[in-house]
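Produce the entire structure from the sequences given, and follow the hints as far as they go.
The working numbering numbers the first residue of the sequence shown as 240 and each following residue consecutively.
It is worth saying that the hints were derived from the structure and are not from the lab. Quantities reported herein were computed from a predicted structural model and do not represent experimental measurements. Even for Gly, the Cβ is constructed at its ideal location relative to N, Cα and C.
Label-pair restraints from in silico Cβ distances:
1. A247 with A355: 13 to 21 Å
2. G362 with D401: 15 to 23 Å
3. S347 with D245: 13 to 21 Å
4. R263 with Y358: 35 to 43 Å
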Amino acid sequence: MQQALDYALFKGTLPVAASGNDGRDGLRYPAAYPGVLAVGSAKLDGTRSDFSNYSTQPTDLVLAAAGNRNPLEILWSLALGRNYPYYQTLGEYDYRWVGTSFAAPQASALAALYVAKHYARYGRGPSPDQIRLCLTQTAANGGNYDPQTGYGLLRADRAMTDTTYCFP
240 MQQALDYALF KGTLPVAASG NDGRDGLRYP AAYPGVLAVG SAKLDGTRSD FSNYSTQPTD
300 LVLAAAGNRN PLEILWSLAL GRNYPYYQTL GEYDYRWVGT SFAAPQASAL AALYVAKHYA
360 RYGRGPSPDQ IRLCLTQTAA NGGNYDPQTG YGLLRADRAM TDTTYCFP
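Take a look at the structure:
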């Protein structure tokens with residue numbers, strides 16, 4: 240797995256992975272591999288979701304995104320063809336979108352938006368290090384690392400307009 244991730248980085252791709260839902264210090268693989276943008280889950284107030292893995296190593300957990308399981312903070316699915324939020328369990332699965340596996344794609348989406356805008360502006364895509372710098376420095380913690388949430392909640396509004404780290 241590490242070889243595949245190294246190859247992705249070499250080719251200019253930034254791997255993104257969920258930190259894990261054990262609520263402990265230490266990331267799950269593949270998020271624990273070097274070079275991976277590890278994403279945890281946070282509440283809307285920016286604090287860590289109780290189940291989200293975290294890391295006391297500043298090179299590990301990088302960002303957090305919405306993924307808490309509080310019913311008031313859940314992003315509900317329009318599953319089953321309904322045009323309104325619907326909740327139903329199916330065995331141990333449900334249609335709520337929570338957890339670090341829901342948070343990580345938000346970071347991937349923001350990275351993709353950044354890459355597209357960077358390419359449109361400069362005629363080339365940013366490096367994985369540039370993507371990481373843009374997302375971490377524009378996150379809610381303003382470039383300051385916190386072991387519980389990394390650099391904080393993603394801030395797409397900041398990342399897409401920043402002229403210091405993202406679009407100098």
